[in-house]
Each structure stands twice: as structure tokens, then as C-alpha cells.
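Take these sequences, add in the hints, and give me the full structure.
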Amino acid sequence: MKKLVIIPAYNESGNIVNTIRDIKENAPEFDYIVINDCSKDNTEEVCRQNGINYVSLPVNLGIGGAVQTGYLYAYKMGYDVAVQFDGDGQHSAKYLEQMASMLENGEADMVIGSRFIAKEGFQSSFMRRMGIRYFTNLIRFLTGKKITDPTSGMRMINRKLISVFAFEYPKDYPEPESIVTILTDKFVAKEIPVLMNERTEGVSSISPKKSIYYMIKVTIAILIARLG
Amino acid sequence: MLSTTTQLFLLGACIFVMLFITVKIKKGRLKLKYGLPWYAVTFVIFVLAAFPKLIHKISELIGIHDPVNMLFLFGFVYLMILLYKLTASVSRLSDKVKKLTQEAAIHDKCENKEKSNE
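Residue numbers (this note's numbering), protein chains in the order written: chain A, 1 to 228; chain B, 1001 to 1118.
Source of the hints: derived by calculation from the structure; they are not laboratory data.
No more than 30 Å apart at the CA atoms, straight line, and that leaves these computed lysine-lysine pairs for BS3-like:
| hint | chain 1 | residue 1 | chain 2 | residue 2 |
| --- | --- | --- | --- | --- |
| 1 | A | LYS94 | A | LYS24 |
| 2 | B | LYS1098 | A | LYS217 |
| 3 | A | LYS94 | A | LYS119 |
| 4 | B | LYS1031 | B | LYS1096 |
| 5 | B | LYS1085 | B | LYS1027 |
| 6 | A | LYS186 | B | LYS1096 |
| 7 | A | LYS160 | A | LYS190 |
| 8 | A | LYS171 | B | LYS1113 |
| 9 | A | LYS217 | A | LYS119 |
| 10 | B | LYS1098 | A | LYS2 |
| 11 | A | LYS209 | B | LYS1098 |
| 12 | B | LYS1098 | A | LYS171 |
| 13 | B | LYS1085 | A | LYS171 |
| 14 | B | LYS1098 | B | LYS1031 |
| 15 | A | LYS160 | B | LYS1099 |
| 16 | A | LYS171 | B | LYS1109 |
| 17 | B | LYS1109 | A | LYS24 |
| 18 | A | LYS160 | B | LYS1098 |
| 19 | A | LYS146 | A | LYS209 |
| 20 | B | LYS1096 | A | LYS160 |
| 21 | B | LYS1098 | A | LYS76 |
| 22 | B | LYS1096 | A | LYS217 |
| 23 | B | LYS1113 | A | LYS76 |
| 24 | B | LYS1099 | A | LYS217 |
| 25 | A | LYS160 | A | LYS2 |
| 26 | B | LYS1099 | A | LYS171 |
| 27 | A | LYS186 | B | LYS1098 |
| 28 | A | LYS24 | A | LYS160 |
| 29 | A | LYS186 | B | LYS1099 |
| 30 | B | LYS1113 | A | LYS40 |
| 31 | B | LYS1031 | A | LYS171 |
| 32 | B | LYS1109 | A | LYS94 |
| 33 | A | LYS160 | B | LYS1109 |
Since the structure is predicted, the reported quantities are computational estimates derived from the model, not experimental observations.
Right, here's the structure in full:
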């Protein structure tokens, strides 16, 4: 089993070294690749100096385009499993082996690390939780499946989905939409409880001003995805 | 009814726009493909300005009382179609740019790897 951790990074020079160390220590069976999404800070320099495996996008593509680059890389390099893992210190690599074993024994095509099963660790702000719950309900209404953390950026997929996402993946705000797409196509998504940390540096890609736009856009994207 | 001055002004403006678009295409600043809709709309305005009675005929024909309203309606619909085509081609372009960016980044990576292996 070839397993790859995809770390999308936009202006993450302060976190990236720790993220890589976490993966090397706690998920040694995984290869990793940092997708530097045309960062304005010295993320690329930090990667080069520390011997970190990375690719640099010549223009900024946003989170979806960056992660998709990782899936395309995984597809070309023949990886069996690929996991999206944020470069901002929110995720812990200790869950990766467990997530991979669920894909290896075939019980799921996608495994999502959820903050809201054990309800421990960093739980995000109240407003964000409300937004996430709205998407959980919308997805349950449309697909009949309960996904407690549809916006989680910690998602692992098998080879079948790698070869789907490498060529078809939403450009921005991809998480909830791509879940609905795969559920509609009869793939299986499962969640495991994880603890997440509050980001130590950097800012979320979704500012309060953008959140209304985010809600509307993702809602429409989900409805269209459900059409199949 | 159009006054002769207005008529002349419109005809002149049409010729100016035609020349402007042609020069831009010649210089490579505008693709002929995207210049064609401009030629078309200028041509139509040119014909209507030259034969203003046509406007009344057409608006009578389709039952719009005020010819001005008909012109606005046609202009609006035409612009909507143009805008739709524009957004569609921007969408296609952004997909292509995304694909190119990803392939270029991965290609660079593989090339560097080969170099360091040598």
C-alpha cells in the first residue's frame, strides 16, 4: 500500500515544519507532499531549506485546486491512499493509520476525521458550528447519510476516488460538495472521531464577510451535485 | 422620427466602432471570434440608422407600441446573450488554467527529481 499525505499550504511558513515532523513521527508509513499554493510568504524557502518534499503552483489556485494537484500527483505516482491534511497545525497525524486501515479493509471509500463525534478538542466558534450543522442536515436530507463534520479538511480517500478527484474536483470550498458528489455516486463515506487543535498561525480561508457567500454557494453546489 | 443630425451621428459612430474593432483585431488585441458580435451589433445599428422606418415596421410587426421600448428590449437580450457567452468562456478558461498550473507544477517536480538523481 502506497500512502500519501497531501498538505495544501498557503502562507504556512510558521507551521509547515511542525506539520511535517508530526507526520514523520506519527504516520511513518505515509509519504507526504506539500502543495505550496503560490504563497506570498517564504513557505517555499522554508520547504527547500528543510528538505521538505513539495511542489509549487506557479499561480494561486485556492484550496480545491491545490488539493486536486495532490490527487493528480497521487494518481500519477500510483498511490493507493491519499489524505488531505491541513498545513496549519489543526490536524494530528496520529489518526492517519487508523483511517488508512478502514480504507484498506474496504469498509469505506472516504474516511473523514470529525470533530463532532467525541465533541472534544477544538470545536470551532458557535457560528461556524451552526453553519456546519446546517450542512450536516442538508446532506442528510438529500442523501440520507449523516456526516457530522462535512467541512472537515482531514479526509482520506482510496485509489478509486483518487482517480475521480484527480480530474474532477471543486475549485473553492470543495469539502461538503465533494462529499455529496461521492455519496450520490454510491461511494461510501465514514467518519472517525478526531481531536483538532486551534490553528496556531495563519488565518482561515473563510472570513466572516465571506461566510454568507460561502453558505449560499456551497448550498447551490450541493444541490447541483445531488443531481448526479 | 430620427432627425438627420442624429442619423448622421449614429452612422458615424457605427463606422468608428467598426474601424476601432478592426484595428484592435489587426493588432492582435482582440480575437476575431470575440470581435464578431461587435461587428454584428454595429451592423444592425447602422442599418437601422440608415433606414429608420424599419424600426417602426418591426415594432408594429411584433406588437410593441413604442419603438424605443423594442430597441431597449433587443439591446438588453443581446447583451444578456453576450454576457452568458463571456461567463461560459471565462469558466472554460479557468478550468484550463487550473489544469495547466497543476500539470506544470507536477512536471517541474519530476524534472527536478530526475536532475538530482543524475
